[in-house]
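Turn these sequences into a full structure, and let the hints guide you.
2 protein chains.
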Amino acid sequence: MDARSYVEANARRFFEDLKAWLAIPSISADPARRDDVRKSAEWLAAQLQQTGFPVTEIWETGEVPGGMGEVAGGAGEVAGQPAVFAEWPAGDASAPVVLVYGHHDVQPVEPLGEWRSPPFEPAEEGGRLLGRGASDDKGQVLFHTLGVSAGLAASGRAAPPVTLKLLIEGEEESGSPHFAELLRRERARLSCDVIVVSDTTMWSEEVPSMCTGMRGLLDAQIDLTGPDRDLHSGSFGGAVPNPLHALTALLAGLHDEAGRVTLPRFYDAVRPLTEAERTLFAQLPFDEKVWLTEAGGSRATRGEQGFTTLERIWARPTAEINGMWGGHTGPGPKTIIPRAAHAKLSFRLVADQDPADVAAALREFVSSRTPPGIEATVTFDGPGARASHSPIDSPAVRAGRRALGRAFGRDVLFTREGGSGPEADLAEILGAPLVFIAVGLDSDRIHAPNEKVEMDLLLKGAEAAAYLWEELAAAGLGSTAEPRP
Amino acid sequence: MDARSYVEANARRFFEDLKAWLAIPSISADPARRDDVRKSAEWLAAQLQQTGFPVTEIWETGEVPGGMGEVAGGAGEVAGQPAVFAEWPAGDASAPVVLVYGHHDVQPVEPLGEWRSPPFEPAEEGGRLLGRGASDDKGQVLFHTLGVSAGLAASGRAAPPVTLKLLIEGEEESGSPHFAELLRRERARLSCDVIVVSDTTMWSEEVPSMCTGMRGLLDAQIDLTGPDRDLHSGSFGGAVPNPLHALTALLAGLHDEAGRVTLPRFYDAVRPLTEAERTLFAQLPFDEKVWLTEAGGSRATRGEQGFTTLERIWARPTAEINGMWGGHTGPGPKTIIPRAAHAKLSFRLVADQDPADVAAALREFVSSRTPPGIEATVTFDGPGARASHSPIDSPAVRAGRRALGRAFGRDVLFTREGGSGPEADLAEILGAPLVFIAVGLDSDRIHAPNEKVEMDLLLKGAEAAAYLWEELAAAGLGSTAEPRP
Chain A
35 MDARSYVEAN
45 ARRFFEDLKA
55 WLAIPSISAD
65 PARRDDVRKS
75 AEWLAAQLQQ
85 TGFPVTEIWE
95 TGEVPGGMGE
105 VAGGAGEVAG
115 QPAVFAEWPA
125 GDASAPVVLV
135 YGHHDVQPVE
145 PLGEWRSPPF
155 EPAEEGGRLL
165 GRGASDDKGQ
175 VLFHTLGVSA
185 GLAASGRAAP
195 PVTLKLLIEG
205 EEESGSPHFA
215 ELLRRERARL
225 SCDVIVVSDT
235 TMWSEEVPSM
245 CTGMRGLLDA
255 QIDLTGPDRD
265 LHSGSFGGAV
275 PNPLHALTAL
285 LAGLHDEAGR
295 VTLPRFYDAV
305 RPLTEAERTL
315 FAQLPFDEKV
325 WLTEAGGSRA
335 TRGEQGFTTL
345 ERIWARPTAE
355 INGMWGGHTG
365 PGPKTIIPRA
375 AHAKLSFRLV
385 ADQDPADVAA
395 ALREFVSSRT
405 PPGIEATVTF
415 DGPGARASHS
425 PIDSPAVRAG
435 RRALGRAFGR
445 DVLFTREGGS
455 GPEADLAEIL
465 GAPLVFIAVG
475 LDSDRIHAPN
485 EKVEMDLLLK
495 GAEAAAYLWE
505 ELAAAGLGST
515 AEPRP
Chain B
35 MDARSYVEAN
45 ARRFFEDLKA
55 WLAIPSISAD
65 PARRDDVRKS
75 AEWLAAQLQQ
85 TGFPVTEIWE
95 TGEVPGGMGE
105 VAGGAGEVAG
115 QPAVFAEWPA
125 GDASAPVVLV
135 YGHHDVQPVE
145 PLGEWRSPPF
155 EPAEEGGRLL
165 GRGASDDKGQ
175 VLFHTLGVSA
185 GLAASGRAAP
195 PVTLKLLIEG
205 EEESGSPHFA
215 ELLRRERARL
225 SCDVIVVSDT
235 TMWSEEVPSM
245 CTGMRGLLDA
255 QIDLTGPDRD
265 LHSGSFGGAV
275 PNPLHALTAL
285 LAGLHDEAGR
295 VTLPRFYDAV
305 RPLTEAERTL
315 FAQLPFDEKV
325 WLTEAGGSRA
335 TRGEQGFTTL
345 ERIWARPTAE
355 INGMWGGHTG
365 PGPKTIIPRA
375 AHAKLSFRLV
385 ADQDPADVAA
395 ALREFVSSRT
405 PPGIEATVTF
415 DGPGARASHS
425 PIDSPAVRAG
435 RRALGRAFGR
445 DVLFTREGGS
455 GPEADLAEIL
465 GAPLVFIAVG
475 LDSDRIHAPN
485 EKVEMDLLLK
495 GAEAAAYLWE
505 ELAAAGLGST
515 AEPRP
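For the protein sequence lines, the chains are A and B, in the order given.
Counting from 35, one number per residue, gives the positions in the first sequence under the working numbering.
Counting from 35, one number per residue, gives the positions in the second sequence under the working numbering.
Worth flagging that the hints you see were computed from the coordinates, not collected in a lab.
It is possible that part of the hints are untrue.
Covered stretches of chain A, as calculated for chain B (at least 3 residues, CB under 8 angstroms) [what the hints assert, rightly or not]:
{"#": "1", "stretch": "65-73"}
{"#": "2", "stretch": "191-202"}
{"#": "3", "stretch": "327-339"}
{"#": "4", "stretch": "342-351"}
{"#": "5", "stretch": "366-373"}
{"#": "6", "stretch": "447-459"}
All C-beta atoms in this analysis are idealised placements derived from N, C-alpha and C, irrespective of residue type, glycine included.
And the structure:
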């Protein structure tokens, strides 16, 4: 029986399993759902064991390093929520080692009233499965169980052609607060030649594609202060520096006329798009009108000159003001010069920008542009996240593209994601390249009411996963993975 | 008996009268004090009658025009609070007519805990009289009663050398909401050749001075909108217009490098400072260090190039951002492109700028600088207020300067006020020039706890008022006042 036939023959059982898992409300952001997150981890571990994984473990997170599994904390400190680890060694000890990343926690479900059926009572609706987590990310994690079984059935082997490891975390929807720590703690057991991420989307049902990178992120706040109290603008207006004016001048200078970010050295490390990537991006059937509608009815595009909209959101770094405030913001006038002005900014970063360099450049930018009489402070919300990137000509991406191409019977194009996730930590801490194999769609309404997944795409995902291990084994990744520090 | 001796001889009685008036808590902004505002008006009318004014009247405000004294309103509409009008015709029917303006309402008194003595139990403290309204403006209104009596005593006449009218309003501290309406209604009875305003300050106890103008004001709000909801900055960042960026660019462009406001035609109507004014301003003993301390510890001056700090706050128009907000302003980061951005602005205007012209220029400025994809609206808080101006070489100002000079025995310099008041309405509606005769000090803590007035300065004010009517009569104002439309 070939992989496709196996997948089709076992589809019903697969969807019933998925519905059972989706019924567990594993909302990691809701403290009242901690038991459900654990139940979800236990359900998955049991499912993986049943699939045939010889090793399945629940991994606690937020633990005291070196402690005997004791949960950290005590007063005030909240321990993390459990991840699931599984391993299935290849028959051949020299085969590549592949780590699959995904997550079993889900987003909150508010506003509940907008759901057509209860979020944790999964329902089939014309080829779609509705329910929180159907696409993000339980459906995409679970297709790997069907995929590995299909691969074994098709090949007649007892073990996969690569050593398969799974790490399915339980805090992704809460910002993965303990994930990097977990990766460092378990680096030895997680060691691998390639990381397969199944938590993104394809271009569309008709245009299968692979994500080849996610942007990084740095969050900052700028606070400017002038006088030690609000001043009467009649008595003092026109003669002392106004922090709000200083802020507008500072932030208006954040981009030049070409829409480029003016921080010193901002583009120095940016890895340029290759001509091949630009050509492939341009093949995507992008409809700007539709995109503008999805962009909250935006009336125009605007960004860095010389790049298309897709290049701007996927492959170019940005600076955005996310919030700004100062002075009188209530009804009516109040003729003051305010004592302070504030702005929150975020920078989306691309490979190979270092968030620490960008942070230093922002400090430099602010201090060099703060006028006399104004004091500025710049603070950052954590160290930021690096971008992740997976070059389209790497052996692992080429293997993934072949696997998806076989499953879909179509040419596979490339996309990226403009947002950020824990993928950069995976690549960096484990020192292995990323390959994004996923079948979600942007129309899946993840994080929103009525999240759904296309059921036939999940089956295509399972089939692609079945081929993927063969393709990766054939690519001989063990020898080509670049060593990282 | 000369005027000075009369003032000194009657000082004790004057201060006891003033204390009685100060004990009436005529806070116009406090609806619970409406009876007290009326009581204050009645007290003043009685006092003026006792001084000898043949005509003393309580004038209602906020009335239905043409009504028989019936107070406007009914459901929802609040009638105004009473003004006091008094008139004392000159013996000579061809003598100039002078209108004295002041107000009998006072500021609120919070925070009460900071007063050294209760705000409505006036207390003498080393030559100062403490109490709400002592300087702003009851003390400065009342010195006119002592002044006119002193003038009569010194001259031995039964009537003042000018026809003296007083209009003492009861809503100045509430923004004079019905004052222009009152001026229009009573234009005939208020007709005059010169308006004497006693509601400002002198440079210092040692440097007597006259205010020669107050700035006008226009309040505006700018609202920019982009997408119809906040957008995820990962998915859309770098590719659509961000209203906060548009706002910073717009407002950063409000001034050029020389600190000049860039609104079209903004300076076209501005009446330049004369060389004489600049020379006289420069004679004021201005200590920038002290001024910066008073400016909330501002660390530097900043403003329009080519002008001193005093010129900037008194005689040059400004644009200040009073408040600004948009997007995420709470704790922590939120990576959004906000749907909207807002700013409140105020423009301080000088003679002869028309607030309506500035409003039109702001609309033009905003619409010409709003980038594609952003929609802008500009709204104004009322029509704005014109600046008032009293040229230093006018006969009335020269007469005032002589009167003050005689009282103080010193050279009288000139100042202006950066803030705005109802004075422009007075000049414009009544078509008469303004003369500012006042003895308040910037250190009088008006509008703040522990308001005080220097008692000897009130006596100097009374003495100057005694001389003022002679000086104005001698100046022959009735024939020199410029006719106005």
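Does the stretch 447-459 of chain A contain three or more residues whose Cβ lies closer than 8 angstroms to a Cβ of chain B? holds (count 4)
How does the stretch 366-373 of chain A fare against chain B when you require at least three residues with a CB closer than 8 angstroms, holds or violated? holds (count 8)
Under 8 angstroms between beta-carbons, do enough residues of the stretch 191-202 of chain A, three at least, approach chain B for the coverage claim to hold? Violated: only 0 residues of the stretch 191-202 of chain A have a Cβ under 8 angstroms from chain B.
Given coverage of the stretch 65-73 of chain A by chain B, checked by CB-CB distance under 8 angstroms (3 or more): violated (count 0)
Apply the coverage criterion to the stretch 327-339 of chain A and chain B: a residue qualifies when its Cβ sits closer than 8 angstroms to a Cβ of the chain, and three qualifying residues are needed. holds (count 10)
Would you say the stretch 342-351 of chain A counts as covered by chain B, given the rule of at least 3 residues with C-beta under 8 angstroms? holds (count 5)
When the structure is compared with the earlier hints, violations turn up for hints 1 and 2 and for no others.
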